[in-house]
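For the protein sequence lines, the chains are A and B, in the order given. Residue numbers for the first sequence follow UniProt numbering, so the first one is 1 and each next one is one higher. Residue numbers for the second sequence follow UniProt numbering, so the first one is 1 and each next one is one higher.
Keep in mind that the hints were calculated from the coordinates and are not lab data. We put the beta carbon where it would ideally sit given N, CA and C, even for glycine. Possibly wrong hints are sitting among the right ones.
Residues on chain B that point at chain A, a partial pick, calculated with CB under 8 Å [as the list claims (entries may be wrong)]:
#	residue
1	Tyr223
2	Thr225
3	Ala229
4	Lys230
5	Ser233
6	Arg236
7	Arg244
8	Asp312
9	Leu318
10	Asp319
11	Thr322
If you want the ones that stay clear, here's a sample from chain B, every Cβ over 10 Å from chain A, calculated [claimed, not checked]:
#	residue
12	Asp71
13	Phe87
14	Leu117
15	Ser120
16	Gly135
17	Ser144
18	Ile154
19	Asp173
20	Ala179
21	Ala227
22	Tyr241
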Amino acid sequence: MAEPVLEIRNLNVDYGLGDRAVHAVRDVSLTLHKGEVLGLAGESGSGKSTLAYGLTRLLAPPGVITGGQVIYHPALGDPYDVLALSDNGLRAWRWAETAIVFQGAMNSLNPVHKISTQLMDVLKAHEPSMSAHSRAARAREMLKLVGISADRMDAYPHQLSGGMRQRVMIGMALILQPQVVIMDEPTTALDVVMQRQILGQLIELRERLGFSVIFITHDLSLLVEFSNRIAIMYGGRIVEEAPANTIYRDALHPYSKGLLSSFPALRGPRRELAGIPGSPPDLAGMPAGCSFHPRCPKAFEPCDSAIPVLGRPDTPDGASRSVACWLHPAEQPVG
Amino acid sequence: MKYFLQRIGFYVFTAWAAITLNFFIPRMVPGDPVQSLIAKYKGQLSTDAMQSLYILFGLDKHKSMWAEYVDYWKQIFHGDLGLSFTFFPAPVSQVISQALPWTLLLVGVTTIISFFLGTSLGVLAGWRRGSWTDGLLPVTTFFSSVPYFWLGIIAIYLLAGPDSFFPSSGGFDSGLVPAWDQYFIPSAIQHSLLPALTILISSVSGWILSMRNMMVTVASEDYITVAHAKGLSERRVALSYAARNALLPNVSGFALSLGFIVGGTLLVEIVFSYPGLGFTLLQALGARDYPLMQGIFLIITIAVLVANLLADIAYLLLDPRTRKDG
Numbered sequence: 001m002a003e004p005v006l007e008i009r010n011l012n013v014d015y016g017l018g019d020r021a022v023h024a025v026r027d028v029s030l031t032l033h034k035g036e037v038l039g040l041a042g043e044s045g046s047g048k049s050t051l052a053y054g055l056t057r058l059l060a061p062p063g064v065i066t067g068g069q070v071i072y073h074p075a076l077g078d079p080y081d082v083l084a085l086s087d088n089g090l091r092a093w094r095w096a097e098t099a100i101v102f103q104g105a106m107n108s109l110n111p112v113h114k115i116s117t118q119l120m121d122v123l124k125a126h127e128p129s130m131s132a133h134s135r136a137a138r139a140r141e142m143l144k145l146v147g148i149s150a151d152r153m154d155a156y157p158h159q160l161s162g163g164m165r166q167r168v169m170i171g172m173a174l175i176l177q178p179q180v181v182i183m184d185e186p187t188t189a190l191d192v193v194m195q196r197q198i199l200g201q202l203i204e205l206r207e208r209l210g211f212s213v214i215f216i217t218h219d220l221s222l223l224v225e226f227s228n229r230i231a232i233m234y235g236g237r238i239v240e241e242a243p244a245n246t247i248y249r250d251a252l253h254p255y256s257k258g259l260l261s262s263f264p265a266l267r268g269p270r271r272e273l274a275g276i277p278g279s280p281p282d283l284a285g286m287p288a289g290c291s292f293h294p295r296c297p298k299a300f301e302p303c304d305s306a307i308p309v310l311g312r313p314d315t316p317d318g319a320s321r322s323v324a325c326w327l328h329p330a331e332q333p334v335g
Numbered sequence: 001m002k003y004f005l006q007r008i009g010f011y012v013f014t015a016w017a018a019i020t021l022n023f024f025i026p027r028m029v030p031g032d033p034v035q036s037l038i039a040k041y042k043g044q045l046s047t048d049a050m051q052s053l054y055i056l057f058g059l060d061k062h063k064s065m066w067a068e069y070v071d072y073w074k075q076i077f078h079g080d081l082g083l084s085f086t087f088f089p090a091p092v093s094q095v096i097s098q099a100l101p102w103t104l105l106l107v108g109v110t111t112i113i114s115f116f117l118g119t120s121l122g123v124l125a126g127w128r129r130g131s132w133t134d135g136l137l138p139v140t141t142f143f144s145s146v147p148y149f150w151l152g153i154i155a156i157y158l159l160a161g162p163d164s165f166f167p168s169s170g171g172f173d174s175g176l177v178p179a180w181d182q183y184f185i186p187s188a189i190q191h192s193l194l195p196a197l198t199i200l201i202s203s204v205s206g207w208i209l210s211m212r213n214m215m216v217t218v219a220s221e222d223y224i225t226v227a228h229a230k231g232l233s234e235r236r237v238a239l240s241y242a243a244r245n246a247l248l249p250n251v252s253g254f255a256l257s258l259g260f261i262v263g264g265t266l267l268v269e270i271v272f273s274y275p276g277l278g279f280t281l282l283q284a285l286g287a288r289d290y291p292l293m294q295g296i297f298l299i300i301t302i303a304v305l306v307a308n309l310l311a312d313i314a315y316l317l318l319d320p321r322t323r324k325d326g
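All chains should be modelled from the sequences, with the hints used to inform the complete structure.
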C-alpha cells in the first residue's frame with residue numbers, strides 16, 4: 001500500500017463545553033494515502049464536514065477539538081501533528097500543504113475583490129519573494145488549468161457562473177501544489193452536468209499533479225464512481241471503510257447498505273429503491289450502544305448496550321476493510 | 001456610466017423640486033417680510049422706503065408669480081439670495097458665507113474624526129468579539145442614545161464656567177476680531193473643543209455599533225473561512241476581507257452624514273451659541289427672516305444632495321456589484 005500522507009488518529013470534536021457539549025466527531029481514525037481519493041459519506045449531521053473543519057483547525061466557536069492527532073507527512077522531512085502547530089506554523093501549513101474547496105460554491109469568493117486578487121493573495125502570503133509578474137503568470141496558469149480563459153482574471157465573482165466560480169476555487173486550491181485537497185461537497189450547489197464535468201476535471205488533474213483528495217459528500221453514487229476508498233460516517237463515527245468497489249458490491253454495515261439502496265444504479269439488474277427509515281440521530285442525545293440500532297433492520301441483542309469497535313471483519317477480504325458492527329465483530333481493532 | 005448619468009439626472013430633478021418648493025412655500029405663508037420689517041422699525045419708514053423694500057425683496061405686486069419665479073432662478077445663478085433683514089442690509093449670501101465656515105470646520109472635522117475613530121474601533125470590536133472590547137458596547141449604546149443637546153448642557157454645566165478653561169458659548173473671545181493670527185486661532189480652537197467633544201461622544205458610538213455589527217455579520221461569511229483556510233495573515237483577513245466588506249454600509253452612512261454637517265447639528269450650535277449656520281437659522285426663525293431661512297434651506301438641500309451623490313459614487317467605487325455595465 002502507498003505511504004500515508006495524512007493520518008487522523010482518534011479525533012474528537014465537540015460543540016460547546018462541559019456536560020452540554022455535543023460530540024460531533026468521536027474517535028475518528030482515518031488514513032489518507034498518497035495519490036488516492038478518499039470518499040467520506042454520510043447523512044447530513046453525521047459529522048463529515050465537522051471532521052474536515054476539525055482536521056484543518058478551521059472550526060468556528062463553539063467547536064473545539066477535544067482530543068486526537070492529525071499527523072501530516074510532508075513531501076520532505078518528518079511527519080508532524082497539525083493540531084500541535086503554532087499559529088504561524090498552522091498558517092504556513094494551510095493551503096500550501098492542505099487546501100480546501102468548500103461547500104458554498106457561490107459564497108467562497110469575496111464579492112468585492114477581483115478573482116486575480118484572490119488568487120494572488122495566496123501567493124503573496126505563502127511565497128512573499130515571488131514577483132508581481134510571476135504571481136500573475138501563475139494565477140493565469142491555474143485558471144487555464146481549470147478551463148477558464150485568462151481574460152477572466154479581472155472579473156469579479158458576480159460576473160461568473162456558479163460552475164466557473166467553483167472551478168476558480170479548485171484552481172485556487174491547487175495554486176500552491178498542496179499534497180492534500182479536501183473537497184467539502186464541492187458540487188452540491190451545481191447542476192448534475194456541471195458536477196460531472198468538474199469532478200472529471202478534478203480527477204484528471206489529480207492524475208497529472210498527484211495530490212490526494214478527501215472527498216466529502218452525501219451523494220454515495222458520486223463517490224462510488226470517483227473515489228478509491230470510501231469511509232461511511234454515522235453519528236460522528238466511522239462505521240465502515242473499504243475500497244469503493246467493495247462498498248458498492250458488498251457493504252457489510254446495514255447503514256452503508258441503506259445508503260446504497262437509496263439511489264438507482266445506472267447499470268446492472270434493476271433493484272428496489274429503499275430509503276433508511278427514521279431520521280439521523282440527535283447528536284445531543286445519542287442512543288446507547290451502536291448509534292444506528294434504533295433504525296437498523298438487523299439490530300439484535302448487543303446492539304443497544306455496547307458500542308461496536310471499528311475493526312477488520314472476519315471476511316476473506318477482511319484485511320483491506322474495516323467495519324463497526326456487531327454482525328461482523330472485529331478480529332483486530334483499527335486505530 | 002449610464003447608471004451614473006441616471007443618478008445625476010435624478011439629483012438635478014430633486015434639486016429643481018427642492019428649490020421650487022423653497023420658492024413657493026414662503027410665498028404661501030400669510031403676511032410678508034416687509035410687514036415685519038416695518039414693524040421692526042416701528043413706523044419710522046416713509047412710504048417710498050416701504051415701496052423700495054417691496055421691490056428689493058422681489059415682492060412688488062406688479063409681477064406675476066411666474067415672472068418672480070424666473071427672476072428667483074436668475075438670482076440663484078448669480079449667487080444672489082436676497083437681503084437678510086435680521087442683519088439688514090446685509091445680503092443673505094454674505095450672512096451665510098460668514099456662518100458656514102464655523103459649521104463646516106466644527107462639525108466637518110468632528111464628523112470625519114468620529115467616522116474614522118468609530119469605524120476603526122468597530123472593526124476591532126467586531127473582530128475581537130468576546131474580548132475586552134465587548135465591554136465597550138454598553139457604553140457606546142448609552143452614548144448613542146443620548147441626544148446631542150443634553151450632552152452639551154451637561155458638558156457646559158460640569159466643565160464650563162467663569163474660571164474654567166472651556167468657554168461656555170461663542171466661537172471666539174468677544175474681544176477679538178476674526179483674523180488668521182496668533183490670538184484668534186487659539187481662541188477659536190479653545191471655543192470649539194467642548195462642542196466638538198459632545199458631537200464626537202454622541203456620534204462616534206453610532207459608527208462603532210454599526211461597524212461592529214457588520215463585522216460580526218461578515219465574519220460568518222464563507223469567504224472569511226476560505227481566507228483563513230488560505231493561510232492569510234490574521235491582519236489581512238480582518239482588513240482586506242472582513243472590514244473591506246463590512247465597510248460598505250458605513251461608507252454610505254458617512255457620505256450622508258457629510259450632507260448633514262451643514263444643517264444637522266443645529267442643537268449643538270444653539271446650546272453653545274456657536275456662530276455657525278444652525279445658530280443663524282435659529283436667529284432667522286426668531287425674526288421671521290424669510291430670505292435668510294430660504295437661503296439656509298437652499299444650502300442644506302444642496303449639501304444633502306451632493307452628499308447623496310458622493311454616497312452613490314463611493315458605492316460604485318467600493319462595490320463592484322453595483323457597477324451594472326462593467
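Say whether it holds or is violated: Tyr241 (chain B) keeps its Cβ farther than 10 Å from all Cβ of chain A. 6 Å, violated
Beyond 10 Å from every chain A Cβ - status for Ile154 (chain B): 40 Å, holds
Restraint check, 8 Å cut-off on beta carbons, for Ser233 (chain B) near chain A: 6 Å, holds
Status of the Asp312 (chain B) interface restraint (C-beta, 8 Å, chain A): For Asp312 (chain B), the interface hint is violated, since the closest Cβ of chain A sits about 17 Å away, which is over 8 Å.
Given as non-interface: Leu117 (chain B), which should sit over 10 Å from chain A by C-beta: About 23 Å separates Leu117 (chain B) from the closest Cβ of chain A, which puts it past 10 Å; holds.
Separation of Ser144 (chain B) from chain A, once the least beta-carbon distance is taken, above 10 Å: Non-interface label on Ser144 (chain B) holds, nearest chain A Cβ at 27 Å vs cutoff 10 Å.
Can the hint on Tyr223 (chain B) be confirmed by a CB-to-CB distance to chain A that is less than 8 Å? 4 Å, holds
Looking at Gly135 (chain B) again, its CB stays over 10 Å from all of chain A? With a cut-off of 10 Å, Gly135 (chain B) remains clear of chain A, as the shortest Cβ separation is near 19 Å.
Would the stated hint for Arg244 (chain B) survive a check requiring a Cβ distance to chain A of less than 8 Å? 6 Å, holds
Would Phe87 (chain B) pass as off the interface with chain A, using Cβ distances and a cut of 10 Å? 50 Å, holds
Classify the hint on Thr225 (chain B) as holds or violated, based on whether any CB of chain A lies nearer than 8 Å to its CB. Result: holds, 6 Å to nearest chain A Cβ.
Leu318 (chain B) was flagged as interface toward chain A. Is the shortest Cβ-Cβ separation under 8 Å? 7 Å, holds
In summary, the numbered hints that this structure violates are 8, 11, 21 and 22.
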